[in-house]
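A.B. asks: Combine both chains into one complex, guided by the hints.
Spelled out, the chains give:
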Amino acid sequence: MTSSSRIPTPIVEIKPQFDEESLYEVHKKVHPRAVSGIFATWRWALVWITQLVFYGVCWLPWNGRQAVLFDLVERKFYIFGLIFWPQDVFFLAILLIISAYSLFLFTAVGGRLWCGYACPQTVYTEIFTWIEQRIEGERNARIKLDAAPMSPRKFWLRSTKYGAWTLLSLWTGFTFVGYFTPVKTLWVSTWSFSLGPWETFWMFFYGAFTYLFAGHMREQVCKHMCPYARFQGVMFDPDTLTITYDTERGEPRGARKKGVDPKAIARGDCVDCGICVQVCPTGIDIREGLQYECIGCAACIDACDQVMEKMNYPKGLIRYSTEHAIEQHWGWKDILGHIVRPRVVIYSLILGAICVAFVWGIATKPVLRVDVIRDRATLAREVEDGLIENVYRLHVINVSETPHRYAISVTGLQGIDLAGERIIEVPAAGTKSISVQVRAPSESGNKGSNQVYFDVKALADEKISVHEKASFLRP
Amino acid sequence: MLKVLLVLWPSFVVAGIAEGVFFTVIDPQELYLFGQPVHFSRLATYSIGFLGFWVVCAASSLMTWFLQLGPDDLNRRRNDAG
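These protein sequences, in sequence, are chains A and B. For the record, in the first sequence the residue sitting at position 61 is 61 according to the numbering used here, with numbers rising by one throughout. For the record, in the second sequence the residue sitting at position 34 is 34 according to the numbering used here, with numbers rising by one throughout.
With the rest of the complex left out, here is chain B (with noise of 0.2 Å):
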């Protein structure tokens, strides 16, 4: 359970202080998706872009989780396996 909230609470901070700045500076109805400027209203385009934030610094903190573990979680799992 701590391992899904260090996943996913750290990145729901960052993704929420992504989300204010980005839309800050840019307005949603400038962006171009695949080309095509952004038909979706000004709502979804926030609440798709703090979602997609999430999942993009929740993909950090994975990794970050992924790579700090010890040698002792990796040995002990593949003498778990063997």
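Just chain A, with the same shape it has in the complex (with noise of 0.2 Å):
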């Protein structure tokens, strides 16, 4: 069949299945009302914890070093009194775990809380949002400048806003690379202006990330970038506390006098204000419910607490709810009654025995390491008095933060003995590679391989102590 036989089809246009696309490009500007009440002060409060965590911490000494110290250059992660090795990748599999399976719990139990009060995102764009405007002013007063002609006025209010952030965004930075070159050097080379061309460009890009994705990108970072924000959804169940328009009260919606009863003009309670649209950081409309913009930061919330308070009606129009709850009129303990459901249940008791699992192996993690390697190059040869020679190569993990001497020992095979060292030396925090040489008699065990082990045992203290296997070759 040739193609000029084909029939030729027609070409069907297809529309893109999304209009985000559009909305990304001419997106309109938020500028989130600033709100006080229960929730913002909950929200600011992390804020605090958090930055004063992520600031602070790397500051603290510890056994005369950094307390938190992710020291890539020596391949060793500092955790207060842990130190954790690449052989330890394990546990930082756990801990990916442990943080996913939280995440999980909270999300099934009272929706978006990370997205809302702990994210980083949030946080940054809460710190950021709070400079701008203190610099420019309230929410009024920055649509006013976006739209006005540049003047001295509003040259120097940006310049003075960008700068602000500009210095934060640097002193993220700063800190960022902190957590892995020690941040007391790091200080001082970065005024003596000796900083290492990576550290620097770390320095810079974090930096310049924390300003872009606070300052300029904001909401759209939750709407288009985030990857939890698109599956979250999957942890909701009718039973998970959500923010909540209550539509049956609220609705018809209308303006009218304050202290007008609603029944009295056939209205709902919503007052249709539009605070909880102005105050709302990715600028939807809760009363248009559940959306997967929304990030549960409960800022409409608090604003229309305050209006219902002001209208002298009951706070809770906009509320932390689930579906069944507004549907079967539930209270309060109804619907903390089924916080215990088989989803919760489950994720608590996987989250639980990992937890444990965790802190039992942080416990019991060993703090001698040996890995006995053979020496490839010389298999097996007979020395002096008839004695068959090994080597192998001892590589010698001092996790502890103590220096330690070890005595090396071998068993497994009538009268089979150490030549030359038997005690090792290792720095705290320290490894030491030797090479030993083993010898045994001809005529003990078998020909071919033989299972032999080394003991390495601190001088110091009998319980560290690492029992390892190796074969011993007799040609």
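Read the hints as simulated data drawn from the structure, not as lab findings. All C-beta atoms, glycine included, are put in the ideal place defined by N, C-alpha and C. Warning: the hint list may mix true and false statements.
[Claimed, not checked] If you want a taste of the chain A side facing chain B, the calculated C-beta under 7 Å gives, among others:
1) LEU72
2) VAL89
3) ALA93
4) LEU195
5) TRP198
6) MET225
[Unchecked claim] Sample of chain B residues lacking proximity to chain A, with all beta carbon distances greater than 10 Å (derived):
7) LEU31
8) LEU33
9) GLY35
10) PRO37
11) SER61
12) THR64
13) PHE66
14) LEU67
C.D. replies: In structure tokens:
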């Protein structure tokens, strides 16, 4: 069949399936209005806690070193009293699983608690918006300033804002690098302009990301870039707490004078002031129902409660509630009663089990590791007095924070013994490799491979010991 | 802009994961570059490694973006040209 004999098929136009694309390009700038209230207080508390930890912890000393340091150059992670080596990657994996399961559990119970209160994107956006508000004024002033043509005043306000953002971003970048290179040395070399090229690069890289994400992109990161935002819905069920507008109570919405009884004018409680939309950092209208853009920050709850208070209506037109609770008019008692459900129980059990395993693993983490590697160059050779000699490389890793002297011995064959070094000294959190010659009489054991054991014991503490298998070859 | 992000952002995330896994398992000082042991500092190797992973992942994302273009995009382009 030739192509000319084919009937040309009409080209069917396929419309793009989502409008997000255009939305992103001509995105409308969101100017969130500042809000106060119980949830705003919680959010600020978490900003303080997380940032005190982030900016502060790298400066804490511990045993004459930095308390928390992910020393990439030495390939050792220090976290207070614990030292993690590349061999401990297992713990990192478990830690990631624990984080994932905690996220699942929190989300199943309380919705997007992480997004609303603790996610760095939320936290930095909060800080950057605060700076913006201090410099450029409240929401209306900012909208006006945005629309106004460039003037000396606008130029001054903008450059002050960008300057303040830049300083904070640089400080954040510096702190970030301070977790990977000792922060005190970093501080000194910053001011003596002797930073390494890569340290400088990462400082500016992280700083630039902070600036871009928290200063300019804000809610767009949550809407377009965050993978978690896309799949968090999977963890939701009808008993998950979400920020909910009580449609039954609120509708039909409409403006009215203060103190008017909604029943008298055949309206719902919503006065349609639009403040819930103005405070929303992602610019959505919660009254249209739960949307994936909603990061669960509860700013609209705080805002609406204030309005309800002014109107002398009961608070909670927008509140933390669940799908079931809204449908069946449940109070808090019923909502709390439905927290325990199979999904939550299963998440909790798995999480609990992994946490126990993690703590147990950390508590029983060996403080001494020994790798025995046969010397590949010489398999076995005969030495004086009819003895057979095998050579091994012992790689001794002292995971503890005190230097140790270890005694090496070998067992498993009649008359087997070490020739040469029997004591090895390894510095704190250090490694040492030594080559050891093991000799055994030619008549002991079988021809071929024989199992022998190396014992490495700390002289200062008998409990620190390793019993390691190896094979001894007899020709 | 969204296209740029769709290419650069997922590749950044995956490069971060790849970097973590790769350098946990492999010590940069054990790597060989054109038959010679790597003589850069570890920090430099990690950094170059990350940027390298990023470039590779971005190439993959770019190709995904390119191949997922619908007939509509491609036809329109040709019509525009002609």
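A.B. asks: Please write out, lowest number first, the hints stated earlier that are contradicted by the structure.
C.D. replies: Structure breaks hints 3, 4.
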